[in-house]
Amino acid sequence: MEQFLSYTKEVQEALQNKQPVVALESTIISHGLPYPQNLEMARKVEEIIREQGAVPATIGIMDGEIKIGLTEEELNDFATSENVHKVSRRDFAHVIAQRELGATTVAGTMIAAELAGIKVFATGGIGGVHREGEITWDVSADLTELAQTNVAVVCAGAKSILDIGRTLEYLETHGVPVIGYKTNTFPSFYSRVSEFGVDYQIDQPEAVAKSLKTKWDLGLEGGAIIANPVPEHAALDYNKIENVIQEAITEAKNNNITGKEVTPFILDKVKSLTDGQSLETNLALVYHNAEVAGLIASAYQEN
Amino acid sequence: MEQFLSYTKEVQEALQNKQPVVALESTIISHGLPYPQNLEMARKVEEIIREQGAVPATIGIMDGEIKIGLTEEELNDFATSENVHKVSRRDFAHVIAQRELGATTVAGTMIAAELAGIKVFATGGIGGVHREGEITWDVSADLTELAQTNVAVVCAGAKSILDIGRTLEYLETHGVPVIGYKTNTFPSFYSRVSEFGVDYQIDQPEAVAKSLKTKWDLGLEGGAIIANPVPEHAALDYNKIENVIQEAITEAKNNNITGKEVTPFILDKVKSLTDGQSLETNLALVYHNAEVAGLIASAYQEN
Amino acid sequence: MEQFLSYTKEVQEALQNKQPVVALESTIISHGLPYPQNLEMARKVEEIIREQGAVPATIGIMDGEIKIGLTEEELNDFATSENVHKVSRRDFAHVIAQRELGATTVAGTMIAAELAGIKVFATGGIGGVHREGEITWDVSADLTELAQTNVAVVCAGAKSILDIGRTLEYLETHGVPVIGYKTNTFPSFYSRVSEFGVDYQIDQPEAVAKSLKTKWDLGLEGGAIIANPVPEHAALDYNKIENVIQEAITEAKNNNITGKEVTPFILDKVKSLTDGQSLETNLALVYHNAEVAGLIASAYQEN
Ligand SMILES: [Mn+2]
Ligand SMILES: [Mn+2]
Ligand SMILES: [Mn+2]
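Chains as they are written, first to last, in this note's numbering: chain A, 367 to 669; chain B, 367 to 669; chain C, 367 to 669.
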């Protein structure tokens with residue numbers, strides 16, 4: 367397995383010296399934002415993690431290898447290349463075998479982080495049960511990954527287009543702890559709140575780290591959600607954004623937009639209906655997650 | 367992992383000497399019955415297991431440790447304390463890390479039993495797919511635990527408020543054997559029957575033990591259901607109890623009772639609509655499960 | 367675990383010498399076809415695999431053992447015995463413990479193949495989510511087996527009576543790669559096409575083998591689907607067969623045919639409504655899968 371892993375020097379030394387490391391995904395770079403904002407975002411996220419005393423490890427697949435940490439040049443490749451594969455569990459081996467360029471999703475990044483021994487991962491929002499998922503059975507592989515892979519995911523909840531209630535039911539059924547970081551409400555990505563609670567609120571990075579360490583010391587396989595609401599200054603109103611999404615879903619249906627085209631359509635709508643504010647909110651929550659992930663990774667190593 | 371386990375002397379010696387041990391849960395003590403009936407029940411269950419030549423190990427979480435076997439004083443704490451946490455898989459590590467008092471559910475007890483090397487566990491009824499679960503996706507973590515954790519659960523079926531049919535489908539999909547102990551019908555907790563069959567009927571504890579041993583010797587991970595109907599003298603009529611539950615569900619809906627309040631509301635209704643007989647039935651089935659678990663645990667060790 | 371495995375000399379030598387071996391199921395023999403066609407089919411499948419330079423290992427449970435490879439006499443027993451058990455995960459240990467005769471399903475064969483170290487398995491079609499499964503939750507244990515057991519299954523898609531769309535959603539959620547062999551469309555058993563795509567098309571056995579090897583070298587547990595459409599000369603028309611199945615389902619409903627009786631009823635209907643052509647198609651696809659499995663097993667060993 368080691369033959370597939372390729373580390374930057376910085377990340378390798380950090381792992382060897384048991385210094386805090388935070389994993390970062392590459393799908394948000396290749397598929398989440400346009401160039402050059404994606405590259406700026408990717409750099410800024412790394413910078414924020416360094417400010418917390420941790421080492422960022424942006425993860426991607428390239429040249430038949432899993433890159434744990436990307437160089438400037440590699441980051442640029444992910445930010446500018448066309449047709450980068452989105453790599454979830456089912457795609458992971460194939461994209462390596464074919465030596466293709468693969469941007470890792472939440473599930474894909476968790477797999478790579480566990481292989482590399484990285485315990486904390488910062489992202490925007492996880493995948494989950496899609497709206498009407500009780501009919502379509504469209505459920506992100508991020509959830510089954512959380513059920514089995516030993517990585518904590520710092521996020522602002524599930525992606526806004528998803529069904530939060532059923533996503534939380536799925537996580538409960540599969541024994542995945544949902545920790546609210548300084549909140550007792552499960553956040554809804556663009557907004558700080560939702561109609562749903564968390565399993566328990568924890569306010570200190572040290573206490574989060576202890577809970578995670580205890581879980582893995584006990585041999586309880588699987589990840590954890592650290593739900594971290596978007597900072598107030600950048601938060602959107604829950605009801606407003608929910609209405610915007612409902613409107614976008616209806617419009618998608620009326621226009622016979624189905625399958626993989628629904629999500630980008632809705633996100634575009636949300637962006638235009640919020641006068642672009644949703645993009646700012648998205649960036650703000652990613653930065654905030656990076657900061658909190660840095661704190662938790664640091665606390666985890668000192669533990 | 368060993369550092370989290372704390373055994374009573376009796377249980378530790380039994381495990382070291384490969385004597386039969388039966389695990390027991392603590393949620394039924396802290397959340398299932400009022401004081402002092404809960405304490406009486408807890409003691410009587412232990413007594414019944416001893417009468418079968420096995421050692422009872424009531425399991426709970428306390429002072430940052432997993433207690434495998436509880437002292438008189440500890441049993442009393444679980445029976446009388448307010449706000450004891452219900453500990454399923456997602457809560458397990460956190461309640462230990464926070465040194466809180468945690469009563470283990472079926473899932474939580476299975477985790478602890480496996481860590482301690484106990485193969486047989488007696489309870490009342492398992493959790494499962496909730497009624498209307500095909501819409502809500504409310505599915506107990508007991509089912510995913512049965513899919514992965516190597517403990518046999520002796521029970522009188524699933525808790526009566528659940529959807530038996532979909533619970534059995536879920537177990538089949540996840541490869542969990544459903545053994546009918548002296549029955550070819552899956553029991554429905556208060557009643558000895560239901561509309562559903564079992565995977566196979568086994569009438570001898572030795573044959574159950576052999577089937578379990580073969581499963582685990584083969585490396586087939588996961589638990590098994592030993593479905594043991596409530597004794598006839600205490601059994602309620604299937605159609606009568608089903609009508610009572612349907613009535614209670616309708617009343618809950620009409621009164622906008624939702625979420626975690628539904629189950630206690632229905633159970634209260636069932637109790638009052640059966641003039642308290644449901645409580646007697648519940649005790650009778652727990653005692654019977656303890657007896658059968660003792661027999662199976664003994665047969666398993668002699669195997 | 368080794369004590370439960372019993373190999374034919376041919377299979378044992380092939381495994382020791384790292385020669386290609388292809389696993390075959392026995393349910394298709396005991397429950398899929400009438401005698402003597404089932405025996406002819408079983409022999410011809412083995413012959414086809416040998417023609418590809420691989421060794422066939424038909425798998426069944428007998429005398430408390432898992433037979434890896436069946437003798438002429440044993441094959442005959444499976445082809446002619448009444449009341450042979452269908453062995454999926456939940457039945458596996460019990461049928462061994464009881465020393466009963468057990469024909470392995472896709473799930474059961476995968477378990478046995480993994481225990482024996484066989485990586486490639488040829489069958490007709492896998493089980494999956496049943497039509498209306500979003501309501502009934504009737505989902506084959508083949509899917510959870512694919513999520514966890516390291517065997518590649520060469521098939522012509524899912525059995526035709528199933529819900530292809532939700533079956534593919536389930537596989538995606540659980541991270542199972544769905545590889546189209548020389549096709550970018552997921553085949554629908556009797557027909558070469560469906561409304562659904564595959565995760566990726568691969569045209570060379572060597573490339574399939576490399577993808578599988580990479581997956582397992584990475585420690586990514588679970589199987590893979592190699593979807594191999596029925597040869598054109600034997601293929602039925604997608605819309606025609608779909609209409610026939612819909613008609614059969616309606617007739618089953620009108621006649622109150624439910625549960626385990628639905629599938630044989632529909633298959634009988636399909637057979638009579640296609641003037642028996644569906645049986646020819648079924649045989650043709652099984653032979654074709656055996657051929658492709660032989661090629662992939664050979665490529666896997668040379669890798
Ligand atoms: Mn999906
Ligand atoms: Mn629930
Ligand atoms: Mn089924």
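Think of the hints as simulated: they come from the structure by calculation, not from any bench.
Quick reminder that beta carbons are idealized off the backbone N, C-alpha and C, glycines included.
Keep in mind that a hint or two might mislead.
What the hints assert, rightly or not - One-sided excerpt, in silico: chain A residues whose CB lies under 7 Å from chain B:
(1) Gly398
(2) Pro402
(3) Glu500
(4) Lys576
We went through each hint and held it up to the structure:
no.: 1; hint: Gly398; result: violated, 27 Å
no.: 2; hint: Pro402; result: violated, 41 Å
no.: 3; hint: Glu500; result: holds, 6 Å
no.: 4; hint: Lys576; result: holds, 5 Å
Checked against the numbered hints above, the structure violates hints 1 and 2; every other hint is satisfied.
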